[in-house]
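Note that the sequence shown covers residues 1 to 126 in UniProt numbering.
Calculated directly from the structure, the hints in this document are not laboratory data. Careful, some of the hints might be misleading.
Computed spacing ranges between beta-carbons, pair by pair [said to hold, decoys possible]:
1) 40 with 103: 42 to 48 Å
2) 118 with 29: 30 to 36 Å
3) 35 with 101: 22 to 28 Å
4) 51 with 25: 37 to 43 Å
Computed from a predicted model, the values in this text were never measured in an experiment. Glycine is no exception: its CB is placed at the ideal position from the N, C-alpha and C atoms.
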Amino acid sequence: VTLGMESGFGSDFGSGGGGGGKLDPGLIMEQVKVQIAVANAQELLQRMTDKCFRKCIGKPGGALDNSEQVRTGGRSGDPRASSSGLPLRLCVPQKCIAMCMDRYMDSWNTVSRAYNSRLQRERANM
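Please build the complete structure, drawing on both the sequences and the hints.
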């Protein structure tokens, strides 16, 4: 996934909304926030991809799973079990990658919520 600078940052930055060449600080701040969010999302995806690839793909070959072995998931507590109670069937590396990415995102969200909560508490104490 590649997100470029085409998200409107460059095109509106110097226009000032047509107000005689004046820069709107509020607009600039919003555009900077969008660019920071895009950069953070790109970094999250890159780190998650790198970490899960290293964990799940030991020796890349011509295919993800050289043995073409398919295992069933859905053991107790496995979030990959379908709502009908029947296990999902995934190739081992695909299951590993999917579960790794799910865990990574869950961890990221937990840390993010804790960080934001702490920031709010710190701001309230100022």
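Each hint tested on the structure:
1. 40 with 103: 42 to 48 Å: 19 Å Cβ-Cβ, so the 42 to 48 Å window is violated.
2. 118 with 29: 30 to 36 Å: 23 Å, violated
3. 35 with 101: 22 to 28 Å: 25 Å, holds
4. 51 with 25: 37 to 43 Å: 38 Å, holds
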